[in-house]
Amino acid sequence: MMLTPYDKSPSIDWLPWARFNLHRNPFGELTQDERAELAVVEVDYLIRMLGDPRQAIQFIGECGRGKTTRMLKLRANLPKSSYTYIPELPPCPPIVYGNPILVDEAQRLPRSARRSVLRSQCPLVFATHKDLSKPLRKHGYRVHTEHIGKGNGPELVCELLNRRIEASRLRSGLIPVLSIEDAESLVAEFGNDIRGMENNLYLKFQEILEGRIDGEM
Amino acid sequence: MAKCDLSIELDQPNRVYHEGEKVEGVVHVKVDSSVNCKGLVLSTGWKTHGRGNVASGSVEETTVFSGQWTQGMHYEYRFSLPAGDWPQTYHGKFLSIDHYVEAKAKIPWAFDPKAATPFMLRVTQLPSWHAEEFRQILKKSNKPQIIGLVLLAVFFVPQLLFTGWVGAAVLIVLGSVAAVYWLKQKFLPRYLLGTPNLHVQEDTLGPGSELVGEFIVRTRKTVVPNAITIALRGTEVCVSGSGSNKRTHKNVIFEQLQQLQSNTPLQAGSESRCPFSFQLPEDAALSVDVNENSLIWSIEVEVDIPRWPDWSKSKPIFIVPADEKRLDAASDQSVAGVTTSSVQFGTEKSKADDSAKEDSSPAMAGGVTFVETVAQIWAVRGDRGPLEMVVDAVTGLSFIVEAQVERRLLYAGDEDPHVYRDGYAVWAFYPEPKLPLVLYVPHDLGDEFEQLGRGIWTGKGVIVGWDSLHGRLQIKLDSIS
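Residue numbers (this note's numbering), protein chains in the order written: chain P, 1 to 217; chain V, 1001 to 1481.
FYI, nobody ran anything at the bench for these hints, they're computed from the structure. Keep in mind that this is a model prediction, so the values were computed, not measured. Beta carbons are placed, not taken as given, at the ideal position from N, Cα and C, and that holds for glycine. One should not assume that every hint holds.
Unchecked claim - Stretch by stretch, here's where chain P covers chain V in the computed footprint (C-beta under 8 Å, at least three residues):
{"hint": "1", "region": "1092-1099"}
{"hint": "2", "region": "1416-1430"}
What the hints assert, rightly or not - Derived SDA-like pairs: lysine to any residue, alpha-carbon spacing no greater than 20 Å straight-line:
{"hint": "3", "chain 1": "V", "residue 1": "K1003", "chain 2": "V", "residue 2": "G1039"}
{"hint": "4", "chain 1": "V", "residue 1": "K1246", "chain 2": "P", "residue 2": "L89"}
{"hint": "5", "chain 1": "P", "residue 1": "K80", "chain 2": "V", "residue 2": "R1454"}
{"hint": "6", "chain 1": "V", "residue 1": "K1250", "chain 2": "P", "residue 2": "R195"}
{"hint": "7", "chain 1": "V", "residue 1": "K1104", "chain 2": "P", "residue 2": "Q32"}
{"hint": "8", "chain 1": "V", "residue 1": "K1003", "chain 2": "P", "residue 2": "E166"}
{"hint": "9", "chain 1": "V", "residue 1": "K1093", "chain 2": "P", "residue 2": "I165"}
{"hint": "10", "chain 1": "P", "residue 1": "K80", "chain 2": "V", "residue 2": "V1405"}
Just need the whole structure built from these sequences, with the hints factored in.
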């Protein structure tokens, strides 16, 4: 939720984050819509590709690197798409027709569901830990594979974490800013694991709020 | 692209609001080019933030303006919206709950501009529907754990038929681990202690009140425990992610320990009583359970036995608003609002069930129309307890259904028992309010739906349940053959 309070409105004394001009800890969980809104990913070229009904795209990568974020961004930009997350344990949820059909954790699709998806003749986007190009090609799809996480450098990390802070803004004026040096040290510690960085920053932020550690916000 | 700035100014941003009160203020709108607004929608509601998956609920929504906004003008719209009645504002480490006034302008651009401002809600009494939910939790916590074992057996035994010796070996290993656990955690401590009892006078209390109870034990053998300690704890429990990314985050927000006894012999066969009392803090956070975000209070006793496995037991405690009486008293008031409605449905259903026995066809909904049913479900869709009650009351009833078709399901799920053989499922919604539906379409209606596209379908169907994953009312359509 982007807050744009009226400039002249009085301060909100009871809100703990108000002293940093924020309305919440910026690194907590977000709704799927917020994740899509705040994603720093380029999807226009993927949307062009998906104009072809025989096109399949697969995002391969470890957890916390940005596969789901890309899927949610695509969903937000493609109103006719359908998005389904396949849980670890059965039952497999219903999968809706869409253009394209987005399947998160596609490696978990049970055989019958996978067959239905591959025979749908709709463009497909898979987020997966396992390369599924073989069955896709077998069903006549052209496959575009992206390995997610390699591009998560300090510049990108800096931009996306600052976006999250901005999305927690309480009113106009100064808010905490993450510098490129901060981002470099996060990348040095967590590599390309964005979720790990967010979790770390969440706890640091809480500790600063509680006065347990000194920190400049 | 044209720019539209919304901002909300509360008359009293630092006021503490209570249930039934109105939040008043003004929405400011500034546009840098003329635009046609399809609706300036204002609402009140709550949202969690922190480590858990976001849970939210709405209180009231109203459209204060629709029409033309002229370039360079500054518009102001006063509002007065109800503050809501649950959950109370809370700010913790992993869990926070805030109430907001939100403004959203529906304009024909890519994203609708919106603004929100928080306000503080303090609850003085438990909403009647919530008291009902609490009773359900209490009932659940009293269910014997044997149910879990039975379910495990039902799951594992058929596996053996398919997996043969390998399955049997795996089962033996798992069984051995479970047996060792049971021996250490249950059997051995009980062998010495018998069946100790943790008793609390009242398990539903207000902040600032006194929690009084007793630990009663009649040991089988004389035992000299190192210590018997009792702890009162308040814990934030939040779940983030789902599936393999699912994580549970816990944070103890309050902990008070009391040593009831140390190095005092518990004589075999004689009853020992260890009374205890805790003073709850005046500002104790209320017990909350909102979709994967909860604040749980419990009392836990631990008997530290030298050179023997320790014994422990935990009991939930419910912290409710201070002037709230016992749940039994609260339950007397729970006939208002939603509960009344579901009782009405229940009556209709039972009448309809009687008639169904006579003609062996699905129960027709008597005086209740589909429009009324949709309105009832729409009103409680954000609140699990009342929603389940209403859906239970209407399940099995037959209606003339009106639905705007959205999409056909490619795959209806592994274990959806409602899908017709050779039929399929369709996602749809009721035209107004836009309640999401799942229609189970029989094979013989396939062509009709194919030709309909995304139009409105009208026909007969039976409500068969609620899809909680997608928040949709499930309706099985009647076959024409």
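So, going through the hints one by one against the coordinates:
1. 1092-1099: holds (count 3)
2. 1416-1430: holds (count 3)
3. V:K1003 / V:G1039: holds, 16 Å
4. V:K1246 / P:L89: holds, 12 Å
5. P:K80 / V:R1454: holds, 13 Å
6. V:K1250 / P:R195: holds, 18 Å
7. V:K1104 / P:Q32: OK: V:K1104 and P:Q32 at ~18 Å, within 20 Å.
8. V:K1003 / P:E166: holds, 18 Å
9. V:K1093 / P:I165: The hint holds at about 18 Å.
10. P:K80 / V:V1405: Status holds; Cα separation ~14 Å.
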